[in-house]
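Chemist: Residue strings, one per chain:
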Amino acid sequence: MPGTPLLEVGRLVHMTPWGFVMEVSVTVNGEVRTVDVEPRTLLAHFLRDELGLTGTNIGCDTSSCGACTVLVDGRSAKSCTMLAVQVDGADVTTIEGLAGKDGLHPMQEAFHECHALQCGYCTPGMVMAAVSLVDEYSDLDADGVREGLEGNLCRCTGYQNIVKAVLAASE
Amino acid sequence: MIPAAVGYVRADSTEEAVAALREHGDEAKLLAGGQSLIPLMRLRLARPGLLVDMGRADDLRGISVDGDTVSIGALTSHSDLEHSAELAEVCPLLAHVASQIGDPAVRHRGTLGGSLVHADPASDLPAAVLALGGTLVATGPDGSREIEVSDFFTGFLESALAADEVLIAVRIPISTGGWSYQKFNRRAQDWAIVGVAVAESGAGVSLVNMGSTPLRASAVEAAVAGGAGVSDAASVAADGTEPPSDNNADASYREHLARVLTERALVDAGA
Ligand SMILES: Cc1cc2nc3c(=O)[nH]c(=O)nc-3n(C[C@H](O)[C@H](O)[C@H](O)COP(=O)(O)OP(=O)(O)OC[C@H]3O[C@@H](n4cnc5c(N)ncnc54)[C@H](O)[C@@H]3O)c2cc1C
Ligand code: FES
Ligand code: FES
Chain C
33 MPGTPLLEVG RLVHMTPWGF VMEVSVTVNG EVRTVDVEPR TLLAHFLRDE LGLTGTNIGC
93 DTSSCGACTV LVDGRSAKSC TMLAVQVDGA DVTTIEGLAG KDGLHPMQEA FHECHALQCG
153 YCTPGMVMAA VSLVDEYSDL DADGVREGLE GNLCRCTGYQ NIVKAVLAAS E
Chain S
13 MIPAAVGYVR ADSTEEAVAA LREHGDEAKL LAGGQSLIPL MRLRLARPGL LVDMGRADDL
73 RGISVDGDTV SIGALTSHSD LEHSAELAEV CPLLAHVASQ IGDPAVRHRG TLGGSLVHAD
133 PASDLPAAVL ALGGTLVATG PDGSREIEVS DFFTGFLESA LAADEVLIAV RIPISTGGWS
193 YQKFNRRAQD WAIVGVAVAE SGAGVSLVNM GSTPLRASAV EAAVAGGAGV SDAASVAADG
253 TEPPSDNNAD ASYREHLARV LTERALVDAG A
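Protein chains in written order, with the working numbering: chain C, 33 to 203; chain S, 13 to 283.
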């Protein structure tokens, strides 16, 4: 367990029976949220359990499925492979924050139009990864989309329609 | 799984990171991109007492060229290496290798320094820096020192860095000669089953996942220097290696891959 000197650093706010808790202030889907968390809390658990944003799924224990993908400062990140304390001061977008006042985000629209989902478990992470991918790489072709989404596994669709949707949204 | 309980401090500069390591000693562990450390903590294979988060130490981020050397801050992400127009010009091998790591989400967070210090023989960047012949710059309580990359990897997941030292930068000689990176894997996103990096048309050759550390293929380099043809040079790629056997490949298959991939890499690099 961490020793008392930590308190001198001034960022750890108090001690609970299960250890230190610290305050994290993060903008999630445009809203500033300030919550006390244990440093070991994964961002995925923070979003789901503390903020009730259960659109972000958890599909594995090995950082390999991508179901938990969110945007951190505009770039895709696996929220199961980040700690909530690491996003203190950052800007996080989850699937719940993607649609605007005028309706679905173009990527969500394209997934809908192209029938790019079946059970939907991978979909929130897939959509967030795709939004980041299209923003990061210009001139994507089908191979580029497949490579760019290699960190997101889908057990249902066979990927064909996902690739179609991402290409449609990237136009 | 949920990591074991851990303390946390933020170090937003090299100075703060060195001070935090000195203050908290053995139980402290640096956190950079977290793309190796957090998976290990989730599996509870790593249980540090205190994380020193240097993820926002911006003085450790960036790529700069000075004369015939390119200096890269330890916290520069794989994604920054991949997209740097400057790096693509002065050291295209490194930019390309970075683009072959994991997936975009991993590349957004993972850092050059973290990859080197994690010292996984299956990782891509350590072998690339080895082929390029870089120098690592570390800072600790007693000041800074330089470590040649050929002296850096001391064992499986072990480096020459002391527990209270921070890797701050990597210096690499500008390298625009023929290069290639051949990464062989069966699943997208995975680490290499075997990989081969070639720099300067075969003057630097290194092997990924062919032993407990990334390895320099000195026999191949010597053969190329002595004027051997590509297939003769590649035929000695596995000499002196002791590759692991696992469920992806046994040792003899890895030796075969090392020879085949070395030949492809040398051809691709125009050796
Ligand atoms: C799904 C997935 C796929 C991946 N695929 C690949 C792949 O194909 N190829 C590949 O090469 N890698 C792969 N990786 C690993 C990835 O490249 C890691 O980012 C990298 O190995 C570690 O960098 P980091 O910044 O994330 O380090 P961290 O995880 O933060 O730290 C790793 C270790 O280095 C230490 N450390 C970090 N920075 C410093 C520093 N500046 N000074 C001193 N010590 C330091 C830490 O204390 C820790 O012990 C993958 C990772 C994941 C999650
Ligand atoms: S839950 Fe994050 S990658 Fe699988
Ligand atoms: S739609 Fe079922 S996992 Fe992708």
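Honestly, the hints are just simulated from the structure, not real lab data.
None of the values given here were measured: they were computed from a predicted structure.
Be aware that one or more of the hints could be misleading.
[Unchecked claim] Dumping the calculated EDC-like pairs for lysine to aspartate or glutamate here, alpha-carbon to alpha-carbon at most 20 Å:
{"hint": "1", "chain 1": "S", "residue 1": "LYS195", "chain 2": "C", "residue 2": "ASP175"}
{"hint": "2", "chain 1": "S", "residue 1": "LYS41", "chain 2": "S", "residue 2": "ASP202"}
{"hint": "3", "chain 1": "S", "residue 1": "LYS195", "chain 2": "S", "residue 2": "GLU98"}
{"hint": "4", "chain 1": "S", "residue 1": "LYS195", "chain 2": "S", "residue 2": "GLU94"}
{"hint": "5", "chain 1": "S", "residue 1": "LYS195", "chain 2": "S", "residue 2": "ASP176"}
{"hint": "6", "chain 1": "C", "residue 1": "LYS133", "chain 2": "C", "residue 2": "ASP120"}
{"hint": "7", "chain 1": "S", "residue 1": "LYS195", "chain 2": "S", "residue 2": "ASP132"}
{"hint": "8", "chain 1": "S", "residue 1": "LYS195", "chain 2": "C", "residue 2": "GLU179"}
{"hint": "9", "chain 1": "S", "residue 1": "LYS195", "chain 2": "C", "residue 2": "GLU182"}
[What the hints assert, rightly or not] Chain S residues, not near chain C, derived (Cβ > 12 Å throughout):
{"hint": "10", "residue": "GLY67"}
{"hint": "11", "residue": "PRO256"}
{"hint": "12", "residue": "ASN260"}
Glycine residues also receive a C-beta, built at the ideal position from the N, C-alpha and C atoms.
Chemist: Against this structure, judge whether each hint is valid.
Modeler: Okay, the hints, checked on the actual structure:
In summary, the hint linking LYS195 of chain S to ASP175 of chain C is supported, as the alpha carbons are separated by about 17 Å, within the 20 Å threshold. Restraint check: the Cα-Cα separation between LYS41 of chain S and ASP202 of chain S comes to about 26 Å, which exceeds 20 Å; the hinted pair is violated. Between the alpha carbons of LYS195 of chain S and GLU98 of chain S the distance comes to roughly 24 Å, so the proposed pair goes past 20 Å and is violated. In summary, the hint linking LYS195 of chain S to GLU94 of chain S is supported, as the alpha carbons are separated by about 16 Å, within the 20 Å threshold.
Restraint check for LYS195 of chain S and ASP176 of chain S: not satisfied, since their Cα atoms lie roughly 33 Å apart, outside the 20 Å limit. Pair hint LYS133 of chain C plus ASP120 of chain C does not hold up; C-alpha atoms about 27 Å apart against a cutoff of 20 Å. Annotation: proposed proximity of LYS195 of chain S to ASP132 of chain S holds, straight-line Cα distance about 15 Å (limit 20 Å). Note on LYS195 of chain S and GLU179 of chain C: the hinted pairing holds, with a Cα-Cα distance of about 14 Å set against a maximum of 20 Å.
The hinted pair formed by LYS195 of chain S and GLU182 of chain C meets the criterion: a straight-line CA distance of about 15 Å does not exceed 20 Å. Against the 12 Å criterion, GLY67 of chain S falls within the reach of chain C, whose nearest CB is about 6 Å from its own CB. With a least beta-carbon separation of about 19 Å from chain C, PRO256 of chain S lies farther than 12 Å from that chain, consistent with its non-interface assignment. Listed as a non-interface residue, ASN260 of chain S keeps its Cβ farther than 12 Å from every Cβ of chain C; the least gap is roughly 15 Å.
Checked against the numbered hints above, the structure violates hints 2, 3, 5, 6 and 10; every other hint is satisfied.
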